[in-house]
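*Asks:* Take a look at the letters that make up each chain.
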Amino acid sequence: MILLETNNLGKSFGGLVALHDISLAIEAGEIASLIGPNGAGKTTLFNLLTGVYKPDGGQINFSGERIDLDTPFRITHRGIARTFQNIRLFNNMTALENVMVGRHCRTKLELIPALFRTPGFYREEHEITQSAKEMLKFVGLLGAGNELAGNLPYGDQRKLEIARALATEPRLLLLDEPSAGMTQAESLELVRLIEKISKEGVTILLIEHRMSLVMKVSQRVHVLDHGVKIAEGSPGEIQSNPKVVEAYLGVGEETREIQELGHA
Amino acid sequence: MSNLIEQLLNGLTLGSIYALVALGYTMVYGILLMINFAHSEVFMAGAFLGWATLTMAQSLPAPWGIILAFAVGMAGCGSLAVGIEKCAYAPLRRAPRLAPLISAIGVSIILQNAVFLWRNDFLAFPLVFPQIQIPLGAVQISLVQLVILASSLILMFFLWLFVNKTRLGQAMRACSQDREAAELVGIPVDQIISMTFFIGAVLGGAGGILYSLYYGSIKYNMGFVPGMKAFTAAVLGGIGNVPGAMLGGLLLGLAEALGTAFLPQAEWKDVFAFGILILILILRPRGILGERTSEKL
Amino acid sequence: MIRRINKTLRIQWPVLLLIFLAILLPLFLENTFYAYFIRILGLAGLYMIIALGLNIVVGYLGLLDLGFMAFYAIGAYSMALLSLAGYGFWWSLLASVLITMFFRLAVGAPVLRLRGDYLAIVTLGFGEITRIVLNNWDSLTNGPKGLSLLSSAAVQPIHFFHRTISTNTDFYYLILFFVVLCVVISARLEDSRMGRAWVAIRENEIAARLLGIELTRMKMIGFVASAAFAGAAGAIFARWENFVTPESFTFWESVMVVTMVVVGGMGSIPGVLLGAAIVVLIPEALRNVLGTEFVSWRYLIFGVALVLVAIFRPQGVWPNKRMSRELKLEEKGGSQNR
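Sequences listed follow chains A, Z and C, in order.
Residues 1 to 264 (the numbering used here) make up the first sequence, in order.
Residues 1 to 297 (the numbering used here) make up the second sequence, in order.
Residues 1 to 338 (the numbering used here) make up the third sequence, in order.
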């Protein structure tokens, strides 16, 4: 069953065409990757999917319903969550509190219950705290719960962002370069985490530059270059696709990775 | 009809002063993305420095007194602004956006109160120009107004020349567009920032003296309302945009003059200007000549 | 029994001790040379209430509000006008708070989506507009001459059960009650879904938005809630002074309250209480140590404090301690080590 699909999606900024005629589909339950050289439009696509930008053409369907005109509020409620290329944690809140904020969209009590400390308030706060702890445990950060997010080591910060996104109970999780800045060891941990998330039934779409991660974890890979989709397929198919290799030529690191993986 | 034209001339006169001060706000905002709250106090400092110079140079023959006053006022304000930038803003360049704002407010309070503690009431500004009216077609314009208009336009012209025709001006524009990139191509960004503050303050200080020539008196808190209006002018024209500030100043002056025709009480005039500010920010925050900007996600 | 109160109210004993001392203090001071100090403490209390209100906007939400005292003024004028019309204190108090909140809602609605620095200027503008309107709308507010509550027979005394509230000591206790109430309200808001959303907005607005937090709505709630504090304080002040004039509500006053919050500690309840106390007590210290002519140096001191705090100690004198709740993280199943 197709969970997310875009049809002829386009976005321009002034005269610059960031995305043109993007059509792709993500199956429910799969792990898909979005790759491409820098400037290809990947993060722009994420921004369109999460309601930050409105498309200039085409549409986005999530679970059969049109979402390209929805606000981020609606989209989070529908079940799409994301992490960011530059980590966007709430630095002066503890790790636990960061994840608790993730529960915001699934809870509702506001002023009056908070002021009068009703039983309902305590129930909801307990639920929020408990599920936040569950999420921290899930990503392996429970011990760091009382640390200020800004003080956590880099790898833990990335994990925390994922935990926070998971707290929104998403059906689709968008990860924007989750392994950026990680060591190879941390990256392997991330692979395990992504697979663990997938086992819970969450569909995952990731933007990545680390080819080893992409190849290991994805069932499908979509390739963008200069705002246009140039290839789509299984990791194996993408590795041997000459258009993909050509797109990366000159970038060095990734081309080498792709070619090495192709020979592995 | 002639009354209307005279009102419009008043508006243009004040508007040109607003434009001078607005330039200071807009240039600093263009480079640092911060509202220099203390700029209104630099305006005030210009007036006081001008007063001090004129008072001490009373024995000098006619035009030399006021020329010296301008020189001292402008140079003094320029140095003051550079000093403020180094002490109160530079340490906060990487801090969250609230911090430099708070620091700026602090500086503003310090300057106002320093003057307040010296003289807490109005001080008469020396009458430099004879009170003569010059006929202009069907209407008359006072000599002071003519001086103000001429001085402002000359200063703005020199600024325009500087920004568009010199290498330093080009460097300024580069820093305004992309500070990191400017640094990468070898532009000494810190020095350019200091220079921006200096030039903005020179214009602001000149504005302060011109304002004092027009109204005849100065006070420690004289910068507050004109500062607000100048900021409104900068936003109206498009914050960060140099010709925008000039345009905004003149437009605001004209609008205020027209508004005065309907709301004679002085304080309502100020409400009018604030109201314009709020309306622009709500309806068209980028102003007339400004460009849309959005934060990179 | 103290332990019982502790557990139900979840307050720590130093706080209870402080409240206890605060209750006793006037009884010691009352008939001595230092009786005037009761009035000063009362004023400090009023500013604490205002600072707690501003703390919601500046502290939790991180939005610079430079015209907050306008709402203090609206609260004061509402109370004055209602009292002159013959309405009793308590109902007028409630009405004044609601009126203040309404104006804040009206002002906030169009401007809350503006960026931080613009919002600062706009709030400043609104503050000035309010002052100018109060100063010029003579038929309603009597302009700069102000409104006096002393001369009119229509003004009812303030009844509290069988007592009347009229002396400085009476007002001290009234204000103390409201300070404690406002602290409780602030603490409850801070430690709630709402409070966390506010701080999230301050820390990273974009992330907060993409987690499904409705920015404008959350800001609006904080905005309006803060005005309630200012309105209440203003209303109490109006009956205490029995006189309101636009000159008590200038830009300087607004800056002073910002100083209290910023210097005391943004988002920190003990911090802003301390900030309010410092700002009110500094002029007194100046007066007693250096002489009355030095009282006007206080703004200079505040300005310097703002700059120093912004550069060297942005978290304030008594920072907000979000970690102090020490949530137990170990669950059945053992703890996870990093």
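It should be emphasised that the hints constitute simulated quantities derived from the structure, not laboratory data.
Treat the hints with care, as some may be off.
Where chain Z lies over chain C, by a calculated footprint (3+ residues, C-beta under 8 Å) [said to hold, decoys possible]:
hint, stretch
1, 154–163
2, 252–263
3, 293–304
Stretches of chain A that chain C covers, calculated by requiring three or more beta carbons in the stretch to come under 8 Å of a beta carbon on chain C [as the list claims (entries may be wrong)]:
hint, stretch
4, 36–47
5, 91–98
From a predicted model like this one, the values you see are computed outputs, not experimental measurements.
Ideal Cβ positions, reconstructed from N, Cα and C, are used throughout, including at glycine.
*Asks:* Hint by hint, say whether it matches the structure.
*Replies:* Status of each hint after checking the structure:
Coverage of the stretch 154–163 of chain C by chain Z is violated. Counting CB-CB distances below 8 Å, 0 residues qualify, and the rule asks for three or more. Closer than 8 Å: that is the beta-carbon criterion, and the stretch 252–263 of chain C has 3 residues meeting it against chain Z, so the requirement of 3 holds. Coverage of the stretch 293–304 of chain C by chain Z holds in this model, with 7 residues showing a Cβ closer than 8 Å to a Cβ of that chain against a need of three. Given a C-beta distance limit of less than 8 Å, the hint that chain C covers the stretch 36–47 of chain A is violated, as 0 residues qualify and 3 are needed.
Chain C is given as covering the stretch 91–98 of chain A, and this holds because 6 residues of the stretch bring a CB closer than 8 Å to a CB of that chain, at least three being needed.
In summary, the numbered hints that this structure violates are 1, 4.
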